[in-house]
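> Residue numbers (our numbering), protein chains in the order written: chain A, 1 to 478; chain B, 1 to 445; chain C, 1 to 125.
You may find that some hints are simply not true.
[Claimed, not checked] When the alpha-carbon atoms are kept at most 25 Å apart in a straight line, the in silico DSS-like pairs for lysine-lysine are as follows:
#1 B:281 with C:45
#2 B:281 with A:468
#3 A:447 with A:362
#4 C:60 with B:280
#5 C:14 with B:281
#6 B:280 with A:468
#7 A:468 with C:60
#8 C:45 with A:386
#9 A:152 with B:165
If you are wondering where the hints come from, they were derived from the structure by calculation, not from laboratory data.
The chain contents come next:
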Amino acid sequence: MELIYEKSVAGRGGVRLPAPDVPESGFPEELRRGEAAALPEVSELDLVRHFTNLSRRNFSVDTNFYPLGSCTMKYNAKVLESAAGLFAPFHPMTALLPGGEEHAQGSLALLFQLGELLAEITGMDEVTTQPLAGAHGEMTGIMLIAAWHRAKGHRKKYVVVPDSSHGTNPASAAMVGYEIITVPTAPYGDMDIELFRQAMSDEVAAVMMTCPNTLGLFNPHIREICDIAHEHGALTYYDGANLNAILGKVRPGDVGFDVIHVNLHKTFGTPHGGGGPGAGPVGVKKGLIPFLPAPRVVREKDGCYALETDLPHSIGRTANFFGNYGVLVKAFAYILMQGREGLIRVSEQAVLNANYIMSRLKGHYDLPYDQTCMHECVFSASRQLKHGVHAIDIAKYLIDRGFHPPTVYFPLIVREAIMIEPTETESKETMDAFIDVMIEAAELAEKEPELLQRSPVTMPISRLDETKAAREQNVCLG
Amino acid sequence: MSHCPSTAAEIGEMLAAIGVAGVDDLFAPIPPSLQARSFELPPGMSEFEMLGRLRELAGQNGTHLTHFIGGGSYEHLIPAVVDHLAGRAEFYTAYTPYQPECSQGTLQALYEYQTAICRLTSMEASNASLYDGATALAEAALMALRITGRHRLVIDGAVNPFYRKVVATYLADVAAEVVEIAPKEGLTDGVRLDAALTAETAAVIVQNPNFFGGVNDFTRLAEAAHGVGALLAVSVYPVSLGLVKSPGEMGADIVVGDGQSLGNPLSFGGPSFGFIAVAKKYIRNMPGRVVGETVDREGRRGFVLTLQAREQHIKRHKATSNICSNQSLCALRGLIFLASLGREGFAELARLNHAKAEYARRRLAAVPGVTVVDSTPTFNEFTLSLPRSADEVVTRLLAKGVAAGVPLGPYYPDMENCLVVTVTEQRTREEIDLLAREVEGALWS
Amino acid sequence: MTETYYTKEHEWVKIKEGVASVGITEYAAVQLGDVTFVELPQVGKVVRQFGELAAIESVKAASDIYAPLSGKVTRVNEVLNDRPEIVNEAAEDAGWIAWIEPADLAELANLMTREQYDQYVRGLA
Numbered sequence: 001m002e003l004i005y006e007k008s009v010a011g012r013g014g015v016r017l018p019a020p021d022v023p024e025s026g027f028p029e030e031l032r033r034g035e036a037a038a039l040p041e042v043s044e045l046d047l048v049r050h051f052t053n054l055s056r057r058n059f060s061v062d063t064n065f066y067p068l069g070s071c072t073m074k075y076n077a078k079v080l081e082s083a084a085g086l087f088a089p090f091h092p093m094t095a096l097l098p099g100g101e102e103h104a105q106g107s108l109a110l111l112f113q114l115g116e117l118l119a120e121i122t123g124m125d126e127v128t129t130q131p132l133a134g135a136h137g138e139m140t141g142i143m144l145i146a147a148w149h150r151a152k153g154h155r156k157k158y159v160v161v162p163d164s165s166h167g168t169n170p171a172s173a174a175m176v177g178y179e180i181i182t183v184p185t186a187p188y189g190d191m192d193i194e195l196f197r198q199a200m201s202d203e204v205a206a207v208m209m210t211c212p213n214t215l216g217l218f219n220p221h222i223r224e225i226c227d228i229a230h231e232h233g234a235l236t237y238y239d240g241a242n243l244n245a246i247l248g249k250v251r252p253g254d255v256g257f258d259v260i261h262v263n264l265h266k267t268f269g270t271p272h273g274g275g276g277p278g279a280g281p282v283g284v285k286k287g288l289i290p291f292l293p294a295p296r297v298v299r300e301k302d303g304c305y306a307l308e309t310d311l312p313h314s315i316g317r318t319a320n321f322f323g324n325y326g327v328l329v330k331a332f333a334y335i336l337m338q339g340r341e342g343l344i345r346v347s348e349q350a351v352l353n354a355n356y357i358m359s360r361l362k363g364h365y366d367l368p369y370d371q372t373c374m375h376e377c378v379f380s381a382s383r384q385l386k387h388g389v390h391a392i393d394i395a396k397y398l399i400d401r402g403f404h405p406p407t408v409y410f411p412l413i414v415r416e417a418i419m420i421e422p423t424e425t426e427s428k429e430t431m432d433a434f435i436d437v438m439i440e441a442a443e444l445a446e447k448e449p450e451l452l453q454r455s456p457v458t459m460p461i462s463r464l465d466e467t468k469a470a471r472e473q474n475v476c477l478g
Numbered sequence: 001m002s003h004c005p006s007t008a009a010e011i012g013e014m015l016a017a018i019g020v021a022g023v024d025d026l027f028a029p030i031p032p033s034l035q036a037r038s039f040e041l042p043p044g045m046s047e048f049e050m051l052g053r054l055r056e057l058a059g060q061n062g063t064h065l066t067h068f069i070g071g072g073s074y075e076h077l078i079p080a081v082v083d084h085l086a087g088r089a090e091f092y093t094a095y096t097p098y099q100p101e102c103s104q105g106t107l108q109a110l111y112e113y114q115t116a117i118c119r120l121t122s123m124e125a126s127n128a129s130l131y132d133g134a135t136a137l138a139e140a141a142l143m144a145l146r147i148t149g150r151h152r153l154v155i156d157g158a159v160n161p162f163y164r165k166v167v168a169t170y171l172a173d174v175a176a177e178v179v180e181i182a183p184k185e186g187l188t189d190g191v192r193l194d195a196a197l198t199a200e201t202a203a204v205i206v207q208n209p210n211f212f213g214g215v216n217d218f219t220r221l222a223e224a225a226h227g228v229g230a231l232l233a234v235s236v237y238p239v240s241l242g243l244v245k246s247p248g249e250m251g252a253d254i255v256v257g258d259g260q261s262l263g264n265p266l267s268f269g270g271p272s273f274g275f276i277a278v279a280k281k282y283i284r285n286m287p288g289r290v291v292g293e294t295v296d297r298e299g300r301r302g303f304v305l306t307l308q309a310r311e312q313h314i315k316r317h318k319a320t321s322n323i324c325s326n327q328s329l330c331a332l333r334g335l336i337f338l339a340s341l342g343r344e345g346f347a348e349l350a351r352l353n354h355a356k357a358e359y360a361r362r363r364l365a366a367v368p369g370v371t372v373v374d375s376t377p378t379f380n381e382f383t384l385s386l387p388r389s390a391d392e393v394v395t396r397l398l399a400k401g402v403a404a405g406v407p408l409g410p411y412y413p414d415m416e417n418c419l420v421v422t423v424t425e426q427r428t429r430e431e432i433d434l435l436a437r438e439v440e441g442a443l444w445s
Numbered sequence: 001m002t003e004t005y006y007t008k009e010h011e012w013v014k015i016k017e018g019v020a021s022v023g024i025t026e027y028a029a030v031q032l033g034d035v036t037f038v039e040l041p042q043v044g045k046v047v048r049q050f051g052e053l054a055a056i057e058s059v060k061a062a063s064d065i066y067a068p069l070s071g072k073v074t075r076v077n078e079v080l081n082d083r084p085e086i087v088n089e090a091a092e093d094a095g096w097i098a099w100i101e102p103a104d105l106a107e108l109a110n111l112m113t114r115e116q117y118d119q120y121v122r123g124l125a
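Make the full structure from the sequences, and use the hints.
This is the structure we're talking about:
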């Protein structure tokens with residue numbers, strides 16, 4: 001399919017702009033740009049056809065089952081878009097003008113109330129909505145921990161993570177200047193607690209955990225791990241990527257976590273947008289509140305909302321304004337609609353669905369950790385590898401059969417990993433259809449491996465030369 | 001509401017297939033001592049009741065305001081096609097395009113977006129977007145430190161104060177010294193910026209137009225920076241690029257900015273997207289996702305996420321950044337916006353902004369006691385000096401439904417009487433005339 | 001006489017007339033897949049045995065390369081900047097990465113011979 005630039009015809013006009021109601025004005029020649037930027041020149045009809053046809057080259061939750069482990073691709077309620085639209089016209093600077101808070105009471109109220117709901121859901125004392133993504137939340141959280149240690153005069157060098165952790169965990173800690181200590185996962189599927197004990201020292205600033213972990217397993221020793229960390233004067237960080245499994249069942253704040261982040265685009269049903277925008281609010285226990293990013297939304301005695309900017313111990317700002325507000329509105333709307341009983345139903349159904357898929361596929365794929373999983377399960381394609389079929393080949397075959405593949409090659413500790421997270425919004429028929437195709441793929445791996453290795457063949461393109469892309473680095477049309 | 005389709009019968013079938021009696025059995029790995037101590041949330045509601053509640057909240061924002069404020073967020077027109085096309089579910093309910101064969105929609109759109117950013121900024125390579133303009137500037141600072149191996153940054157105090165705060169927050173735990181060059185009477189102090197460059201400087205960081213609205217040509221500063229082996233990083237307001245000399249033409253090494261003004265609503269400050277563009281030789285140092293062109297097994301052109309070895313999911317603690325996502329949908333809106341306006345339309349939009357602001361500038365300068373601070377040309381923002389506290393004037397005008405400008409007192413010492421006024425194409429002549437009348441009224445009646 | 005020694009991290013070092021040339025083994029290159037980038041060290045860089053020397057990237061992986069011997073980097077294989085694929089084509093020959101002026105040849109005792117390395121690799125499978 002042609003690029004929009006390739007469809008452009010010089011002189012073709014775009015949307016008509018409003019007529020000027022003020023005189024033209026000159027702009028100094030020496031400060032003007034040389035030539036107008038070579039943006040597309042297409043008719044509106046061609047524009048609409050281009051992007052409409054482009055969109056049809058995507059799989060999406062609204063068109064295909066999308067069981068990406070660790071991503072929680074649940075249904076994105078359409079009414080959430082309407083909800084966000086209600087707050088689209090409001091300017092963020094209004095709240096920062098003298099006398100402006102009066103004109104932002106509704107916008108500020110939503111931020112405050114969302115913070116309260118998230119704090120209750122996670123068992124934390126206060127929540128900031130400023131971080132713009134999960135990884136951004138992790139960075140903010142580790143900065144809060146670093147500030148806390150600095151204020152106490154602690155000299156800390158390390159952050160401890162399990163080897164099953166998402167790459168953003170060590171990357172975020174490194175951005176804040178810490179060195180990483182990685183603890184291996186034991187054969188029973190959790191971070192090896194003995195090796196963890198040995199790795200801990202008084203130089204560790206924080207321990208970052210995901211629970212359930214990236215294998216979809218709940219670590220029953222999680223409180224002990226938090227206690228050991230605290231004994232060494234380290235704080236504990238909870239990566240909320242897998243919160244969907246434990247809503248209403250376990251709260252990280254109750255278990256011993258000091259700082260957490262949640263992914264609104266995962267657990268709280270806001271759309272993924274093809275890779276963003278998301279939002280990663282961070283929750284903290286009391287002792288860390290003074291370090292939260294500025295400004296903070298507060299509710300005054302008269303019930304009015306205000307922005308507190310005088311925060312001498314704050315780590316500063318992690319984003320331009322208050323966070324990805326449009327995303328925050330959608331998550332708020334989602335929580336209001338679900339309510340208490342709805343959120344509990346979410347985790348129960350998510351866990352049921354994942355265990356159902358696991359029990360039906362376990363005869364056909366190697367299951368490295370054969371125990372009750374939570375909201376996702378991890379298989380290995382090592383059995384299929386004996387026939388020369390890799391996890392990626394299974395994935396590509398699924399595309400030909402109309403399913404977005406599960407996550408493959410993560411977590412790194414499982415060879416040929418296939419991580420499946422159906423989420424609670426899928427029906428049994430959909431899951432059964434997926435299971436049937438996965439079983440078919442396992443059979444084809446034995447009888448006709450070349451078929452899998454050739455796939456996909458039904459899409460507009462077949463497998464791409466990624467080496468060529470990395471070596472040539474053609475990232476924009478000349 | 002849950003959106004859980006499973007009926008009681010189906011749940012029973014699944015439990016049987018698993019071999020457990022009830023859902024509670026699946027939560028057995030969780031020790032009772034770890035169970036939630038509290039889960040006090042209100043009961044759920046229908047989508048209709050939820051919308052009613054949110055309408056009520058939105059209503060608490062009071063009367064509609066006429067915006068003459070910016071500060072990093074700008075009210076611009078958004079053609080109907082943007083919502084319509086970006087609202088297609090295949091775009092917005094898709095995930096990151098890790099499986100390129102079923103994600104060519106997103107991937108090609110991001111390649112087209114990268115191309116648009118390169119062309120706007122006159123640079124060679126762009127990524128698939130960052131979170132916002134402020135974090136993009138912080139990433140540019142970190143990038144400059146990595147590329148040069150030096151530890152010193154020089155930043156113009158006329159850069160947006162919130163952006164400078166974010167840069168400071170990002171650098172707090174990094175071994176780097178930040179030297180801030182205070183503006184001189186509301187102007188970028190080019191002489192002192194130049195003088196601050198040493199052999200230890202990684203980059204000099206400026207903004208165009210700056211926070212006061214002033215437009216500068218940084219070509220000489222780029223030469224001076226290169227002369228000591230430092231980089232020039234420019235944060236640019238994208239709509240201005242329809243008229244103003246682009247940072248690439250000035251010799252900038254890293255260009256960043258915020259894309260909200262391109263097809264994304266105000267939405268109380270987010271979501272938006274940050275853009276970054278660099279010289280091709282720095283492409284490996286660029287944080288975030290990048291889409292590249294390649295071919296498939298049949299030689300057909302396709303697009304794929306590339307240079308992923310730089311990113312956190314492979315390099316982990318040695319990654320160029322911890323950033324995992326981009327602002328894909330917001331960047332898509334930006335692309336559709338630019339394609340809808342087109343080459344000529346975008347230039348026309350910029351001219352319209354400038355014309356409206358010039359008209360407002362003349363009308364306000366004619367108010368007794370009011371002077372314009374900027375002595376350089378401006379684009380669609382300018383700074384006024386008032387005979388009394390800008391806070392007072394802004395408060396009075398807010399009560400009349402007009403957000404007159406951003407008072408500079410909180411951000412710059414000795415500028416409590418100054419106000420930055422923003423005028424986009426959305427402001428009508430009548431609104432501008434009203435602003436002038438009301439400012440005069442606030443000052444003199 | 002040219003002797004080649006090997007490390008556990010899959011680097012090789014060939015000593016010839018007092019100069020040590022260094023690269024990654026065929027095995028490592030196969031594990032990495034198509035090499036897309038080699039981050040060459042600076043000439044003049046001082047390295048310790050088993051310390052970080054360079055880095056290498058493929059489409060799906062990134063790896064550090066460690067110095068088999070302590071010493072100073074005297075030459076780097078600039079050709080790899082434009083043609084990193086040479087590492088895949090000839091990892092133990094034309095795909096060399098750097099020359100090191102060794103500080104102490106006694107350190108060779110800490111490395112493996114070809115036979116020992118081959119056995120080590122067999123054990124990894």
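> Now tell me if each hint is right for this structure.
Results of checking the hints against the structure:
A threshold of 25 Å between alpha carbons decides the hint, and for residue 281 of chain B with residue 45 of chain C the separation of about 23 Å falls inside it, so the pair holds. Proposed proximity of residue 281 of chain B and residue 468 of chain A is supported: the alpha carbons are some 17 Å apart, at most 25 Å. The hinted pair formed by residue 447 of chain A and residue 362 of chain A meets the criterion: a straight-line CA distance of about 19 Å does not exceed 25 Å. For the hint pairing residue 60 of chain C with residue 280 of chain B, the CA-to-CA distance comes to about 22 Å; that is within 25 Å, so the pair holds.
Between residue 14 of chain C and residue 281 of chain B, the direct Cα distance comes to roughly 32 Å. Violation of the 25 Å bound is thereby established for this hinted pair. A C-alpha spacing of about 17 Å is found between residue 280 of chain B and residue 468 of chain A, which places the hinted pair at or below 25 Å, so the restraint holds. At roughly 13 Å between alpha-carbon atoms, residue 468 of chain A and residue 60 of chain C fall within 25 Å of each other, so this suggested pair holds. About 45 Å separates the Cα atoms of residue 45 of chain C and residue 386 of chain A, which puts this hinted pair outside 25 Å; it is violated.
Among the hinted pairs, residue 152 of chain A with residue 165 of chain B is consistent with the structure: their alpha-carbon atoms are about 23 Å apart, no more than 25 Å.
The structure is inconsistent with the numbered hints 5, 8, although it conforms to all the rest.
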